[in-house]
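K.L.:
Assemble chain B onto chain A, guided by the hints.
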Amino acid sequence: MNFRSKLFTLATLGLLTFGASSCSDFLDPTPQTSVDRDDVFTDAAGARGAIIGVYGAMTSADYLGLYYPLLADLAADNLAHTGTFPQLAEVKTRNIISNNTTLTNVYYAIYRTINRANNVIANAPNVTGLADAEKNSIIAEALFIRAYCHFDVTRFWGDAALILTPTSTPDNSLFVARSTKEQIYTQVLADLNQALPNLPDTGTGRATKSAAQALIARVQLYAGKWKEAETAADQIINSNRFQLTPSYATNFTSENTTESILELQFDANTQSQFAFFNLPTTNGGRNEVNPNGPASTLLTAYETGDTRRNATVSDGTPVIANRAVVAGTGIKYRDPGTGTDNYKIFRLAEVLLTGAEAKAQLQDLTGSLTLLNRVRTRAGLPALLATGLTQSSLLNAIYQERRIELALEGHRWFDLIRTNRAQTVLGITDPTRLLFPIPFREIQNNPNMKQNPGY
Amino acid sequence: MATQSLAQTRTVSGRVTDRTTGEGLPGVTVLVKGTTTGVSTNSDGTFTLTAPTTATTLTFSSVGFLTLEQPIRDGSITVGLAPDSKQLSEVVVTGYGQQSKALVTGAIASIDAKQFEDQPVAGIDQVLQGRAAGVQVSASSGTPGGGIAVRIRGNNSISASSDPLYVIDGVPINTGSYSNIAVGNQQLNALSDINPNDIASIQVLKDAAAAAIYGSRAANGVVLVTTKRGQTGKTKISLDVYQGVQQRIKQLDVLNGQEAQDLINEARTNVGLAPRYVAANPTSTQALFTGASTNWQDEVFRTAKIGNYTLTASGGDARTRFLISGTYFDQEGIVKGSDFQRGSVRINVDNKISDRARIGLNLTGSRSLNNRIQNDNNIYGVLSSAILLGTQTPIYNADGTFARDPYSSVENPLAAASLPLQQARNNRVIGNVFAELDILKDLRFRTSLGADYLNLKEDRFVPSTLLQGAGSNGLGNANSRYDISWLTENTLTYNKSFGDHNLTMLLGQSAQKSVQEGITTTVSGFATNKITRLAAGSVRTEASSDGTLWTLLSYFARANYDYKGRYILAASVRRDGSSRFGVDNKWGYFPAVSGSWRISEESFFPKTAISELKLRAGYGQTGNFEIGNFASRNLYGVGAGNLANYNQISGLVPTQIGVNDLSWEKQHEINVGIDLGFVNNRILLSANAFRRESNDLLLNRPLPLTSGFLSVTQNVGALENKGLEFELTTQNFTKDNFTWTTNANISFIRNEVTKLVNNAPFLSGFANQVRVGHSLGSFYGYVVDRIYQTQGEITADTEAARARTGRATAVYQQGSAPGDIRFKDLNNDGVITGDDQKIIGTAQPKFFGGLNNQFSFKGFDLGFFFQFQYGNEIYNNTRAFAEGMNAQFGQLASTRERWTAANPSTTFPRAAWGDPNNNRRTSDRFLEDGSYARLKTLTLGYNLPAGATRVLHLQNARVYVSGQNLLTFTNYSGLDPEINTFSGSNTSLGTDFLTFPQARTVQVGVNLGI
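Protein sequence lines, in the order shown, are assigned to chains A and B. First residue of the first sequence? That's 746 in this note's numbering, and the numbers climb one at a time after it. First residue of the second sequence? That's 36 in this note's numbering, and the numbers climb one at a time after it.
Only chain B is shown next, with the shape it has when bound in the complex:
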């Protein structure tokens, strides 16, 4: 600036911020448009440059952000850059390395933290929902800290796990439920220990070509989580806080107390029994009408609070960078009695020892407290009893104690919510230390030692004032479970360019060992309900410890080659040995090759609107080793759980038969894809087609029960997933003060079981069946024909049955009367038997996806995100009880439509105590369309202008309001279409049974930079 140039110049200054956070952005290239004159912004985002007076426009560009143009004007120029999550120049993390997105040959989905950072969720699995094509995320329930099913390109297994492998900063972590206390079907979720605020980005390795580097654990895809790290520059302190309220989305409409009692009476008199409720002079088995009308759902649902508080400090100098953060997350459940709290800290440090050597640390520790309630398939649950207990029962007795229905064993829902103690406390430490040494300029050695430590402590106390504790005079458990996983990894990476040829090679080795130990104790006969620890109990019914472990030893190699970024090839292989497999099959190889051709980089490619054209293809083999640790062996076990003990003497019993050649599941996958960019990549379309065959499935093959075993784990099934995935990113507007970007994805996945043992189908859950030629999650049952209107119809059926079968006593259907359902005789043999069932639907959607729109206007930002699935069915088992009209259960208002002589319904059967016709059998009666579209999140934010933040002594400040699940479009009649009572199952899918629904959440939050 010392010399005057010939042309006249002027000084332009200003500040560049991240539009979503308001923080200053360092390193942004600020150019005078059409020239090479420019500067980079400082660490706080400020810049000053000298521009010719003739210049009118500045361009602002930075990796990961949309390029912006801004006219030069007098005074300070402040611009906010909007993040570009889909830019081709971004770097993606792959297994044991990273590469430019342009050079990726496999199917990898990237999700930047910007997309979910203000979402009120407990775990990383939830943030994946709807964000990536081919990744289907189904919350099993709205239980705080509960289980979530993440399925990458479909269900790939029948008996082994279908959960992907989660790798956090290079450490594969333990997932699943470690609970030893049965409180119903909804499980704990070890992933909820990971704080989503720590995440910088998530990469999902979807196809086998990308995932095969993780070998025998990659069959279900791999989720690589990269946590935030410190940046060189001034120490930044940021505070992120949100608080919100959650509410139920809907409630089931139920009969009032009088209607409920009338229905019970009608059900009884319809089968020749005396009415239960009378107005006067009850007999010993009767009662007076209660006069009560309690809507139990009103009593157990609540408006619940949710909050998250994160304080982060990060920064560093040329040698050392660091990030320290602490978060407290607090969520009440919308069903009384449930809540989840988590405190966590993270420390990430990188240090340059010299120009050639670096060391680092990633460490997170968390402690969570989950107050659980009994749930789902459970007469002692909170929501379950709120539906199963009739409205004729009052809340309290005259003496203030909780009232119960004397004719029913269902617990009082408020007692179930308030009296028991069911706590799960989890301590978790995940981390690794690593060292890198550049042995040669192009050759790097990296060694790391990682660990995942988990300790779950569970305490339960059921006081004698609860039905469940009345007989035992109080019941308590205290359980503790550890899982300690160790990992050592060593890799050599060679990276060199020879002119236009670029080569990267990787050679590595790892060893992992995971040891689990548990202690379980159960005591009953408590002195008082005031002391809940087991010391107060007198009868020790269980005291046991256990232990198990697995080991994995691996070697792997990979080579990536490209010529001018135009022709790209990648190949990898991994060799895994696992303790879980049989002696004849300890080791396996998992190879993969893939390549791509960026046609748009060719010299012959015309300069048209098409700015990027890339074809990709890949093939790989992966495995799934998620079976029991010793599943290949023939074992004798011990303990009460195996029914090994008798008369206070312990015994030994056969518990398992195994096969010596037990091996991993083998997946072969072909993926072809195309990436298209239009108008300078403002429109990016990515499409993938894949076909994945899973062979040698680890199947808990059902054995004839006469063998004395339920099943044996063998490599016998096969299934296939094939699908199409589309992702579209458009930058609809990129004007200086208005941007609008859209991300849309949609996936069509077809799942088909292709082989079972002797191809014999088997049942699962309430209504699912696994059958060759159909998808996992298929529903199996009877088919409703119509409602019998007259005795004549039944007689005619009986006569036809006798004529058809030649048996004089044959009947078409046992126990039928007018008003009962006539089921279809599918095999046309004249009588209804087990053979008259068929596949009546499936829990697998025809397609699913997400649609995200982000707008920014001056300081405002607006985002809304829809998530949807279509074409799946839900088996509403709640209705099998709440519309059963067979007993004492609470009944839905829909039963007003029931068949009576006066109201000869053609759709709704009669009330009948004991259900002699078995109208409630598994049939298409309870199968419903489960399609839905949901406004998953809606966020409106405002970045305070620089003037205001300066006055407040802040670097940046953003306030926002956000909502979750604000709108749901569905025909499903239950509480929530996004459920599965069989949390974590591969084969029992899409079933609703008294399941905790998702909440609607509204929150306000601030992001402050200090």
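Just chain A, same shape as in the assembly:
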């Protein structure tokens, strides 16, 4: 429309509307960068777009793009707080105020992911023009992610809201009370078992059968269901679909390796923030957290000869952004500029250690040791010998191995909590500090939401 005709249109519009009672088209324009929610699950493209959006929610810096894993190392003894954010300082000192905005944002980012998954689970079945196999696979992926998220909520907050339907109207149905951790585990496992048959066997960066089994193994380990954890771990291990990379470092210098079960994919358009927060300013980061500093003991936790040390923290030789990385800095994440570092959700090494722990708990010390030593020998360490090994010393060896193997990947705090070692290892006197506070605004806005004790 050129200038003159626009003028003409407006002038006539002005005159025409003088007597008219309404002008509905004029007052009912169409949004240009959004669609009505009723117009989404109407075709295959809508359903495919919606499941992509569920993964998109997981990439948030408030969730798996940075904070969720980072907090698990920071709250424990793998990272020091060396930066500027007071919210992170509170987590480090475990003197958290309930309006801590970082924790609030993490909590929200998880439930935002759940709501997106619930939209797919509720609406995808009605989509026409989509083959049943693909439709079921999409729903199964959403179930997997919903399970993953609910499990993540309980890890920091304990009992939590269980949300199984999409949010459609802002009414009192949103005032959900907390379910117990056990109820959440039950629902998580139900979601995963429902998803399993319809998930694909393979796929990069998307939920697969193996990913679901890995999550089952992790959940059962947390729940102390050793037999179930062992079964799930063995299924993955025995499938031989995944192999430990010969070099531990390969997992962090390349992506989607042979031992990767599920990695959340990041690229220049969907960036992760790990390297930016971990690296010092000279390497393009902001030095917010560092394994080398107050209340971090990671650097001293390595056995001599462990090749994982130099793959996890710099010895002063790695070069990022044309500068050598100062010794002691975490280097599992290496791209501060365009944030292409993937987040490793499940690696075979974790499943091996899960299997080892479950077997040790079930008194299968030999089976346990076999799995543990696969992880140790890959790291260049001598195999542990069965001689003189007790269940308790084996478990401690597994705990130590888990810390080193999975350092800076978001496990440490949870492993200390679930094995009841957090208070002794971290010197926490008040057990109320073992759970994070429910965000203050949540207590304010939901009359049925109860705060954790001590906050």
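Check each hint, because a few of them may be wrong.
One-sided excerpt, in silico: chain B residues whose CB lies under 7 Å from chain A [what the hints assert, rightly or not]: (1) N77; (2) A675; (3) S742.
Pair by pair, the computed Cβ-Cβ distance ranges are [what the hints assert, rightly or not]: (4) V313/B x G1125/A: 30 to 38 Å; (5) Q1196/A x G808/B: 18 to 26 Å; (6) G435/B x G1125/A: 42 to 50 Å; (7) E1048/A x L456/B: 49 to 57 Å; (8) Y624/B x Q1196/A: 57 to 65 Å; (9) A1072/A x D333/B: 29 to 37 Å; (10) I554/B x T1122/A: 40 to 48 Å; (11) V313/B x K1195/A: 45 to 53 Å; (12) T1042/A x R402/B: 58 to 66 Å.
No lab work stands behind these hints: they were computed from the structure. Using N, Cα and C, we set each Cβ at its ideal position, and we do this for glycine too.
P.N.:
Frame of chain A, contents of chain B only:
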């Protein structure tokens, strides 16, 4: 003059000028005192009259000026008239019309350009400051071209905008920030495109009775701007120039380099860590004392220039009048790296086609360039890093590159000021064409077509030599945003007198559409820092376009009636339909009625010292439609900003839930007022009392986060503003060669939130909370009790906590040691939890106002203008960092008072790395009295006498010196009490966080008439 009169006469001649500009004043009535003998002055202000020899005195009077008496003497008489901005005979512009001030029934404040024309300001919002009762103007910062909060009768909204509607020559314009580049909290300001030199007058429609004619956009008041127009007569050319320098008002006192390092060491050893700085043999985590001591504020503040150059030509004949002006405004910021330049032109033309038909044009175009710096809550900002970076860091490394603190992520302030490129270029055209036809003698039809075109182009380049660009090897953005608003208006006006009855009726219609489109691109991985355009980048991280729009369709009517100017009634109604509202609620009505009684016009009113007595009352309903364009809908969105994409595939995600009955905010306001004049109106007092209830507030109601949404926009809150406003104008002296006038205004406004969703309070900003029963801008936090002096006190608290709670591991407060702050257990449950917070203050002042004095003596004029507010608090979040003593940040000199075993302070806590006790939590520790009074402007001018101007071939010439912010009286410890880091917010108020302060400006200027 041909006939000799009986009495003897003589010829008197002279010239009348405007005392403030020195220009000749046409049309001034010159009378021989006590007679009807007189003439009007010519277009150049000259006059000649024949007076009886017995006459001794002449009186000079003109609308808008103070009447002056001058003795007749031999030779030419030259007088300068002082403007009278408050005269009752003046005409005020109301929505879609104008009326005599005497007949006004609503609460309208008028500000004449004379009051601010030489003030060195970029925008029209700044000139409103302190000029009108009930109008609170708060600069968010001293950023050139930055955002300003204008609040008419308080904050009227929580989630929608609280900015008034600005209407320039009948065109409602777009305001706010269109920036897509985050450089910190300080925003761009679309109002800074309007050149204040073009303004003839500003009327502020304050109460609902006056503003309701603007319907669903009037809730926050309406600012009507009338631009200057040409006058019939000889073409006048005038040149107005000023140049000045701006300087910082104050600087924060900081520790020197050695003290800073000692403090860091102390903070670390206090929590059992090794010291950071040592004199010899550092370990791998230690360093030698740097030996540097850099006062970063000295490095980033500068003496900055400001200048304004305006050339205007205006004039006309009986049929056509015109005004053409061009202005160039140039302001450097007092913080290095920031500046703002604007060039603008204006063309206003009026033409009489015939006695019955007129056409006209108002048009302004401007182009501005804003060089921005990163600011406020930002480790890469200039002023922010100057405070956050410790003095122990040198400016440069040995190799000449910018030095950084190896233990800190804060940027070098000079690097932040000089290396990045952050430009915002704005092109703006605002104007309208109109035609008027007198269909009948008393019936006029007017049609107009207006437009507001805005194009913002933003370019940013962060080179790899900056910390922010090091990882990405250079980072660039290029964004473009348009907003094109069209408006068509048609009105019929009927104006007739029936004897003593006067009636004016208005019927009108308008339609407006505003379309916004944007393109945003981000690229990183630059080949070189020498090419800053995105062509040199290799990684495209964002490329996107967007568009949105709103429409508004309106019908309105108004009737004004008066009997002998004694009983006055007005009523209006507007019907608005908006695209922004839900399908169930598209249309609304906005009625208003008001009336006044001029008791002093009654025959029974005695002739006393009281020369004017007028009572006014009005009631009206207005609305606020400033929410998202599609806020009522349930939407799925796309794009990286919504986290919709994954693994290079784009997705669709729920972004918004809405409600179908979403509607405008509804305001009901009652206003009563009294206007009093004494001693022939030499003293005028105007008082207003109002109560404004805002219901169905468009609230971004916080949802439980478990819903997956942060909030939903609903009509759920309510709040109330009530207040008293007083304006006093006195003409203290009106002698022939000495005049002194005073304008004073003061406002007492009380704001209270009366309803929220389930009345659940919510937090905002760093320290604000919105809570029923309290004002917007209330501060919420912990309360400091005292400093723990001994371990025994802490142990006693712990034992009491265990006894009270029955938990064996309970502690009163986590992580405490001697020297830490003990916070008060407000709910008395034995332990410090989130429930031990309360409202600890408010950003709303108890009263605010302005005081202006104008003197003129012979050719000299002197004006000074104070602006003040009292009773508000400021949350000084800068201190939470710069007195935090918890990490690597630069620290204020006040930390010398910190608690140590040797210096057991009772007010200042210990230094503790990581702050295990969380001494820095939001508490009254950082809350300060924000009251201030400020000498906003002081101007001394001199009009060259006629003899001198004649020699220079000038019509008039005035030179002046002027100062802004010369004096500030405040107890506030920060850089400036006139700040808010949350620029543009309704709920996060009165918070200082590394915010760019106002400057002190001294300028010299000339006004020349050629």
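K.L.:
Can you let me know if the beta-carbon spacing of T1042/A and R402/B is within 58 to 66 Å?
P.N.:
With Cβ atoms ~60 Å apart, the hint holds.
K.L.:
Quick check: does the Cβ-Cβ distance between Y624/B and Q1196/A fall within 57 to 65 Å?
P.N.:
violated, 46 Å
K.L.:
When you take the CB atoms of G435/B and G1125/A, is the distance between them in 42 to 50 Å?
P.N.:
holds, 44 Å
K.L.:
Can the suggested window of 18 to 26 Å be confirmed for the beta-carbon pair Q1196/A and G808/B?
P.N.:
holds, 23 Å
K.L.:
Taking the beta carbons of V313/B and G1125/A, is their distance inside 30 to 38 Å?
P.N.:
holds, 36 Å
K.L.:
Against chain A, run the beta carbon of S742/B and see if the smallest gap drops under 7 Å.
P.N.:
holds, 4 Å
K.L.:
So the hint says 40 to 48 Å: do the beta-carbon atoms of I554/B and T1122/A match that?
P.N.:
violated, 55 Å
K.L.:
Does A675/B meet its interface restraint, that is, does its C-beta lie within less than 7 Å of any C-beta in chain A?
P.N.:
holds, 6 Å
K.L.:
Is the interface hint satisfied for N77/B? The criterion is a beta-carbon contact with chain A at less than 7 Å.
P.N.:
violated, 42 Å
K.L.:
Kindly confirm whether 49 to 57 Å is satisfied by the beta carbon distance between E1048/A and L456/B.
P.N.:
Holds: the Cβ-Cβ distance is about 51 Å, inside 49 to 57 Å.
K.L.:
Taking the Cβ atom of V313/B and the Cβ atom of K1195/A, is their distance within the range 45 to 53 Å?
P.N.:
Given about 50 Å between the Cβ atoms, the range holds.
K.L.:
Is the gap between the beta carbons of A1072/A and D333/B within 29 to 37 Å?
P.N.:
Given about 35 Å between the Cβ atoms, the range holds.
Figure legend: structure checked against the earlier numbered hints; hints not met, in rising order: 1, 8 and 10.
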